[in-house]
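S.K.: Here is how the chains run, residue by residue.
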Amino acid sequence: MKKTSLIITLFGAMLIWISCGNNGAKEREKEAPFELAKVDQQPEVHGTEIKEVKLTNPLDQAMITVGKGIYDMKCGACHKLTGDKLVGPGWKDVTKRRQPVWIMNMITNVDMMLEKDPEAQKMLEQCLVRMPNQNLTEKEARSLVEFMRKNDGEK
Amino acid sequence: MKNQILKFLAVCITLSIGISTQSCKPKDAGSAITGDAASKVYVAPGKKDEFYNIVSGGFNGQMSVYGLPSGRCFRIIPVFSVFPENGYGYSEETKPMLNTSHGFVPWDDLHHISLSQTNGEHDGRWAFGNANNTPRIARIDMKNFRTTEIIELPNSGGNHSSPFITENTEYVVASTRFSVPVGETDVPISSFKKNFKGYISFVSVGKEGQMDIAFQLKMPGVSFDLARAGKGKSHGWFFFSCYNTEQANTLLEVNASQKDKDFILAVNWKKAEEYLKQGKGKKMKTRYAHNLYDEKTHTATSTIREEVTVLDPKDCPDMVYFMPCPKSPHGCDTDPTGEFIVGSGKLAAVIPVFSFTKIQKAIADKVFDGDFDGIPILKYDAVLHGEVQKPGLGPLHTEFDGKGNAYTSFFVSSEIVKWDIATLKVLDRVPTYYSVGHLSIPGGPTAKPHGKYVVAYNKITKDRYLPTGPELTQSAQLYDISGDKMKLLLDFPTIGEPHYAESIPASLIAPNSVKIYKIEENQHPYVAKGEGQAKIERKGNQVHVSMTAIRSHFTPDNIEGIKLGDEVYFHITNLEQDWDVPHGFAIRGAANAEILIMPGETQTLKWIPDAVGVVPMYCTDFCSALHQEMQGYVRVSPAGSNVALKWGTGDKAPKDPALSVK
Numbered sequence: 088m089k090k091t092s093l094i095i096t097l098f099g100a101m102l103i104w105i106s107c108g109n110n111g112a113k114e115r116e117k118e119a120p121f122e123l124a125k126v127d128q129q130p131e132v133h134g135t136e137i138k139e140v141k142l143t144n145p146l147d148q149a150m151i152t153v154g155k156g157i158y159d160m161k162c163g164a165c166h167k168l169t170g171d172k173l174v175g176p177g178w179k180d181v182t183k184r185r186q187p188v189w190i191m192n193m194i195t196n197v198d199m200m201l202e203k204d205p206e207a208q209k210m211l212e213q214c215l216v217r218m219p220n221q222n223l224t225e226k227e228a229r230s231l232v233e234f235m236r237k238n239d240g241e242k
Numbered sequence: 034m035k036n037q038i039l040k041f042l043a044v045c046i047t048l049s050i051g052i053s054t055q056s057c058k059p060k061d062a063g064s065a066i067t068g069d070a071a072s073k074v075y076v077a078p079g080k081k082d083e084f085y086n087i088v089s090g091g092f093n094g095q096m097s098v099y100g101l102p103s104g105r106c107f108r109i110i111p112v113f114s115v116f117p118e119n120g121y122g123y124s125e126e127t128k129p130m131l132n133t134s135h136g137f138v139p140w141d142d143l144h145h146i147s148l149s150q151t152n153g154e155h156d157g158r159w160a161f162g163n164a165n166n167t168p169r170i171a172r173i174d175m176k177n178f179r180t181t182e183i184i185e186l187p188n189s190g191g192n193h194s195s196p197f198i199t200e201n202t203e204y205v206v207a208s209t210r211f212s213v214p215v216g217e218t219d220v221p222i223s224s225f226k227k228n229f230k231g232y233i234s235f236v237s238v239g240k241e242g243q244m245d246i247a248f249q250l251k252m253p254g255v256s257f258d259l260a261r262a263g264k265g266k267s268h269g270w271f272f273f274s275c276y277n278t279e280q281a282n283t284l285l286e287v288n289a290s291q292k293d294k295d296f297i298l299a300v301n302w303k304k305a306e307e308y309l310k311q312g313k314g315k316k317m318k319t320r321y322a323h324n325l326y327d328e329k330t331h332t333a334t335s336t337i338r339e340e341v342t343v344l345d346p347k348d349c350p351d352m353v354y355f356m357p358c359p360k361s362p363h364g365c366d367t368d369p370t371g372e373f374i375v376g377s378g379k380l381a382a383v384i385p386v387f388s389f390t391k392i393q394k395a396i397a398d399k400v401f402d403g404d405f406d407g408i409p410i411l412k413y414d415a416v417l418h419g420e421v422q423k424p425g426l427g428p429l430h431t432e433f434d435g436k437g438n439a440y441t442s443f444f445v446s447s448e449i450v451k452w453d454i455a456t457l458k459v460l461d462r463v464p465t466y467y468s469v470g471h472l473s474i475p476g477g478p479t480a481k482p483h484g485k486y487v488v489a490y491n492k493i494t495k496d497r498y499l500p501t502g503p504e505l506t507q508s509a510q511l512y513d514i515s516g517d518k519m520k521l522l523l524d525f526p527t528i529g530e531p532h533y534a535e536s537i538p539a540s541l542i543a544p545n546s547v548k549i550y551k552i553e554e555n556q557h558p559y560v561a562k563g564e565g566q567a568k569i570e571r572k573g574n575q576v577h578v579s580m581t582a583i584r585s586h587f588t589p590d591n592i593e594g595i596k597l598g599d600e601v602y603f604h605i606t607n608l609e610q611d612w613d614v615p616h617g618f619a620i621r622g623a624a625n626a627e628i629l630i631m632p633g634e635t636q637t638l639k640w641i642p643d644a645v646g647v648v649p650m651y652c653t654d655f656c657s658a659l660h661q662e663m664q665g666y667v668r669v670s671p672a673g674s675n676v677a678l679k680w681g682t683g684d685k686a687p688k689d690p691a692l693s694v695k
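Protein sequences appear in the order of chains P and H.
Under this note's numbering, the first residue of the first sequence is numbered 88, with each subsequent residue one higher.
Under this note's numbering, the first residue of the second sequence is numbered 34, with each subsequent residue one higher.
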């Protein structure tokens, strides 16, 4: 009889200890039914690094047309086709100054570039406005490169 | 000997545990907090909450969005009230959202939230809210947290019992707390019993969310208070509490509190659908507004509709029944199984719990206790599962944890009481500070509650926060209900009156949240898709400026040729396509508000210049390091002036002809 009551006392005490001693915040993280980090993966950000871009000649006229349309809608507010700086640098000779892979990453993966690439960081220091992510796909960015090559006089 | 050792050990362990758990004991009634409460509500910087808590703002006409368990408020969604902060109700695109049969109504009183459901569970598509004053229901799209549709409810006087929802979002309902005369309306107020009716609207919800008044039920003149749909076995039924079955039209406080029992109305809406198909509905001429926001044109349109279909219970037997419920029932809540309906008589000393099985049997056996205006009254004892005895004072609302427990709020005795649905025994009670109205458990009104927390939405705050003069913050309180005993974890202040709320796991909403509007898909009639399309058109005295905004300039930012007497419409397209880069727009002397423009969106601010001069305009939403430079001018000339309409930015800005001559 005594033994039973003792065990109950012990058990009860353990229960109190458990209910008071747990760490709510940690427990909650474990229980959270989905990975919170996924919220930050926006489908609009095409943020995977582009490693290689193949250029061909003669220039692809279809891509140039697409690229011009994108330029008019999403780029022309800040970039002139001459060498003059507006908000960002003018595009004249950009394909001679930069590798195509640099240009495309600057368009589609700008957060990574501003974090890692010293040349991109230099541009931010000059312009003081972050190059915006204008929600372009890799294919659209490639069309812009073609449009830039045309602008730089390539055939 | 063994016993002694055991005893010694027990004493040691109990003592040491006793010391370490000192902090668990409540210190006094005011704090009533256990030692680990802080860690249970602490969401570290950069971490996110587990639940969205969508809270109505009561008399502010808005909804606000909080995280649970932190209680952090991170969004206000304007619904029935204008919101100068983002231009809702001020921009030309959103003004039609607040149109009604009375014209533009800039305010309302938003009491209840219903989140859309599929198979009785939250699905994260929409939130619905009711307008209590000028009867309406709004639908908020949970992808962008915006009010996308509002429907007005004719034949209604005060849409309180709304927008409760069926388990597959077939309908949201709307019933009136003010019966009103319908048809011949210029009648003496004292002719209430003869001329006043209480209409209940069943508003159907389409696949894309579109709301339509499917039918109205013409009910006797009483005050409908709250409602819940049946679920599971009781799917196809809807339950409405009502008071003022005395049919008083003055001093209701006394005159509507005479009877020992009022009613809960049970509606067989599947039956109503059958009658509708059989053509039992009568078309009735009326007027009500239906307002819809189009995400492609970024513009709302308002249409006045002129007909509703009315079902009269006199033509439709076996469709509606009254159940007696003690003393002015308020809450009327169905448990997760759909078997039990909990009535909460505001002035009653018991909580009656009705059984759906017994209701069906009583209907089949015709166990009636007379009728009210021709509608059969089911016998109280025949439909009663049982009563919770002496639960507290002033029961209002009940929600459920999915483990067989019910949680009822008590306004007068200021507490939440937990009780067992099967045995009707009270299990626990905790005080609230002060006078709780609604309470909410994540998923509480659904078939699958998430339990874990209950939030009390209090009516009185008094001394809980630093005082701010006579008008104090409103507040809510979070309790842990994961154990046997409820534990107060947190007080948090709220925007407006936190009337009711629902909470939903973040996983059902966050992954679908819209980040931008694609500019390619923008079909606004005055969109400028790129600076090359920025332009100004004059149509008589109306001047339409299609302007672009991008970090950090407007195009055009210099405008000349505006004249006194003109109405200027700034249609501003935000060319950004990145998350969290809105631009704002304001112009000196505008007699309305600013507007915020989300990436890829076009919004319009109307401005009527009132004096000759050069008027500044600027971006209001801090957008970049050069945000302060995002500004421009509009030149206003006298009426009849011959200053030409010119515009531009940078080297395209209008030049002074006098300078170019030199």
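Keep in mind the hints are simulated off the structure, nothing from the lab.
Treat the hints with care, as some may be off.
Simulated crosslink set (DSSO-like; lysine-lysine; CA at most 27 angstroms straight-line) [said to hold, decoys possible]:
| id | chain 1 | residue 1 | chain 2 | residue 2 |
| --- | --- | --- | --- | --- |
| 1 | P | LYS183 | P | LYS167 |
| 2 | H | LYS551 | P | LYS226 |
| 3 | H | LYS240 | P | LYS226 |
| 4 | H | LYS315 | H | LYS227 |
| 5 | H | LYS399 | H | LYS251 |
| 6 | H | LYS391 | H | LYS266 |
| 7 | H | LYS266 | H | LYS315 |
| 8 | H | LYS315 | H | LYS360 |
| 9 | H | LYS360 | P | LYS167 |
| 10 | H | LYS394 | P | LYS155 |
| 11 | P | LYS172 | H | LYS688 |
| 12 | P | LYS167 | H | LYS568 |
| 13 | H | LYS679 | H | LYS80 |
| 14 | P | LYS179 | H | LYS266 |
| 15 | P | LYS167 | H | LYS315 |
| 16 | H | LYS492 | H | LYS568 |
| 17 | P | LYS155 | H | LYS303 |
| 18 | H | LYS360 | P | LYS203 |
| 19 | H | LYS394 | P | LYS172 |
| 20 | H | LYS518 | H | LYS240 |
| 21 | P | LYS203 | H | LYS548 |
| 22 | H | LYS303 | P | LYS167 |
| 23 | H | LYS688 | P | LYS167 |
| 24 | H | LYS227 | H | LYS329 |
| 25 | P | LYS155 | H | LYS347 |
| 26 | H | LYS360 | H | LYS227 |
| 27 | P | LYS237 | H | LYS227 |
| 28 | P | LYS172 | H | LYS685 |
| 29 | P | LYS155 | H | LYS548 |
| 30 | H | LYS394 | H | LYS303 |
| 31 | H | LYS568 | P | LYS226 |
| 32 | H | LYS679 | P | LYS172 |
| 33 | H | LYS251 | P | LYS155 |
S.K.: Out of the numbered hints, which ones does the structure contradict?
M.R.: Hints 3, 7, 8, 9, 10, 13, 14, 15, 16, 17, 18, 19, 20, 22, 24, 25, 27, 31 and 33 not satisfied by this model.
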